[in-house]
Amino acid sequence: MVWNNLLQPDLILEGSVLNLTPDIIQKYGLKGLVLDVDETLVPFRVGLASPELQDWVEQIRSCTALCLVSNNLSEARIGGIARSLNLPYYLGAAKPSRRKIRAALRGMDLPVHQVGMVGDRLFTDVIAGNRLGMFTILVEPIVHADAALRSHPVRNFEVWISEILGASITPKKSKIHKT
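Residue numbers (this note's numbering): 1072 to 1250.
Incorrect hints may appear among the rest.
[Unchecked claim] Here are the simulated DMTMM-like pairs of lysine to aspartate or glutamate, each with C-alpha atoms no more than 25 Å apart in a straight line: (1) K1098 / D1180; (2) K1102 / D1081; (3) K1098 / D1126; (4) K1102 / E1123; (5) K1098 / E1085; (6) K1098 / E1129; (7) K1102 / E1211; (8) K1102 / E1085; (9) K1102 / D1126; (10) K1098 / D1081; (11) K1098 / E1123; (12) K1098 / E1146; (13) K1098 / E1211; (14) K1102 / E1129.
Honestly, the hints are just simulated from the structure, not real lab data.
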């Protein structure tokens, strides 16, 4: 697989993961989602799921299996978020390594092409999902209010490098806009 294919998300969702609806999930035939945690579900230093995220998880779990896979090593933080959402989780994933994502896929007992990898980072979440043949969904990061005015230098660097390597950070399918 060439770099531009590895770095190309199948779907780019404008806004946060909260804009991912059951209709969108069903449109792409997804039966499961592997969710990144830091800045995909919660800001980096936040240890609790927001009420909006809890509502979103309840809505999505009615049609889709869910599992958290995080590079973060903090059992207290990631485990606490997962338990508050009543979701299985893996931490210390070292994405783009596929090992923990494969474990999540085994737990879901679904074909890999029916599971979406949802995250805010190209070089971790999108590469890992694409290496496994998953449907990859790139979302905008959720940031803490005191960091909202700062840019995302790591993400901006990833987009820049991806474009140099031939990936146009436009979706292979269609871009979903905020409602």
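*Of the hints given before, which are not true for this structure?*
12
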